[in-house]
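Asks: Here are the chains, one letter per residue:
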Amino acid sequence: MKNRLRPGLWIPLAFVLIWGLAVLVLRQDTLRETTFTLLMFVGLASSLNILLGYTGYVSFGHIVFFGLGGYTGFYLLSQQGWPLYIAALAGGVLSAGLAWLLGLAVLRLRGAYFALATIGINEAARAFVSNFAPFGGATGLFVNFSAYDHYGGAGPALWLAFILLWIITLIILLTSFLVKHSRFGLGLLAIREDEDAAMVMGVKAPQAKTITFAISAFFPGIIGTLYFFKNGNVEPGDAFQLHMSIEALVMVMLGGQGTVLGPLVGAITYQGLRGYLLTSPLFKSLHLAVAGLFLLLIVLFVPAGAVGWVRGRFSGLRRFLE
Amino acid sequence: MLDQLLSSLTDGLLLGFVYGLAAMGLSLIWGVMTVINLAHGPVIALGMFGTYLLFSHVGMNPYLALFLVALLGLLSGFLIYGVAVHRVIDAPHLSSLLATFAVNMILIGVGTALFTTSPHNIDYPMGSLQLGSMITIPGTRFIAALGAVAFTAGLYLFLYFSRPGKAIRAVANNRVAAELMGIPSAQVLALSFGIGTMLAAVAGGLISTFFPFTILSGGPYELKSFVICVLGGLGNPLGALLGGLILGGLEGLVPTFMPVSWVPVVEFGLFVLVLLIRPSGLLGAK
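So the protein sequences, as listed, match chains A and B.
Letter by letter, the first sequence follows residues 1 to 322 in the working numbering.
Letter by letter, the second sequence follows residues 1 to 286 in the working numbering.
Derived from the structure by calculation, the hints contain no laboratory data.
Hints may be right or wrong, so weigh each one.
[To be verified] The calculated label-pair distances, taken between Cβ atoms and stated as ranges, are:
{"hint": "1", "chain 1": "A", "residue 1": "241", "chain 2": "B", "residue 2": "71", "range": "31 to 41 Å"}
{"hint": "2", "chain 1": "B", "residue 1": "91", "chain 2": "A", "residue 2": "315", "range": "21 to 31 Å"}
{"hint": "3", "chain 1": "A", "residue 1": "26", "chain 2": "B", "residue 2": "257", "range": "50 to 60 Å"}
[As the list claims (entries may be wrong)] Reference listing, derived: stretches of chain A covered by chain B, where coverage requires no fewer than 3 residues with Cβ under 8 Å from a Cβ of chain B:
{"hint": "4", "stretch": "101-110"}
{"hint": "5", "stretch": "114-122"}
{"hint": "6", "stretch": "128-134"}
{"hint": "7", "stretch": "277-291"}
{"hint": "8", "stretch": "299-305"}
Computed from a predicted structure; not experimentally measured.
Glycine included, C-beta positions come from ideal geometry on N, C-alpha and C.
Can you build the whole structure from these sequences, using the hints too?
Replies: In structure tokens:
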């Protein structure tokens, strides 16, 4: 079909594909670690964008699905001895199921009330996990080092985690594109513009929003499991960082909400910027303030984000940047 | 058992007045311009540090310093509104949420650089109050509760009996109609935002007289303020006081029945529940 050949799809896919291949060919451990972090944020931002960019609902609780899915996957992996692939998938399925249930209730709320509810969900989840005994309470869980032996020792296990994350990132970008160009996605965009009008036109808004919420929660669950598998431990403070939800939001805004390429650009730019600020002697202690200033400038003056701005400015490029 | 219950309930309720005051600021801003002020927490923390600096470096009585902190809070509210909020006031919620969050990041970033994240405290004991044979109230908490009530009463009188206060209520009710009646809505919005941050700063100052604090301490109170606002009805400043008392009471009672670490679970569980069943709040119109 024509859709599959559009440049808007293959530009981001080819970029991530070549990037991952380059890392695999070079086989450097430090390069793998930095790429892992970057791909993780690309995945988180892109999956958030499926909800935020297409339906316009702001979720401050995206990291809950990363945390809960990661916790579940890690628990199955380290305590029950499940293989990584199944555990990661289970983490994702649990996140999606939870989002489905939450969505049935919470997505009746609109706009700011929904945003507030997601903040509450984030805090409640963090408090719950640090009190829930099977998950190890405040100290969290550790993986037994011998668990890595199934994957050929610690080194190859880390590479495996990286390759899985790389594939997941590609799948997320593909999903993001497919959702945007489907009839379903068109309904979501209509909800973003005017929910009442969309419902009058026959978009089943509550259902569509719940499905979108579940899709956008599925991927963080998988990414969470991979991330904690790579780290070898998981603890509540690490898994539920409200500020990571916010950082994902900033990345989506920076790159351009509602575009496929935007979260990719935004995640890489934000991470690069943060890395620079953290290491520069001048801004080291002020990096948070400088990042905040950037966010403020974007929100006030370029609300469409980098990709959105280029699309608005140069209409000839619209075919290539989606 | 009973006296322990009574004393922890009293403790919690007194604290609840101060929580209510902080939440009132958030609720006022929401009620007037439907903006959720995510810079609320850092402003509370700045109120704490303002009081601390005036007390320890200028040697001012902390309760006297509160009035200066209130003035500074009002002015910084004008500044935040002018720089970050005014441009996005009519934009979708995402923009104002992110704009105020950016202010949050800037304040926390600068605050961390200036004060580090080590804890500070104001050592200014006020004795204690004996009620009956079993309840002892620390003087600082009692005065803080009184202060919160005084500020609430002041806000009520201002909103209902002064011209600018009436203008604020008119804009909250219907901005377009208010503009047609000749009310300068931009100034009124700035004033409401200023008063909102002022209340937050004062609440921070009151809290600093009995709890140690860091620059990050505002965060938990910001979250409590969200819970309280939802309990009392977003946009209903006086409902916020009721919500504050409920939350304070819960905080006093819950630890006698289950471990302290469950308090947030109960609080946020209640929060989500109220949002779902009655999003307009306990006092809000249906």
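Asks: Provide an ascending list of the numbers of those earlier hints which the structure does not satisfy.
Replies: Those not satisfied: there are none.
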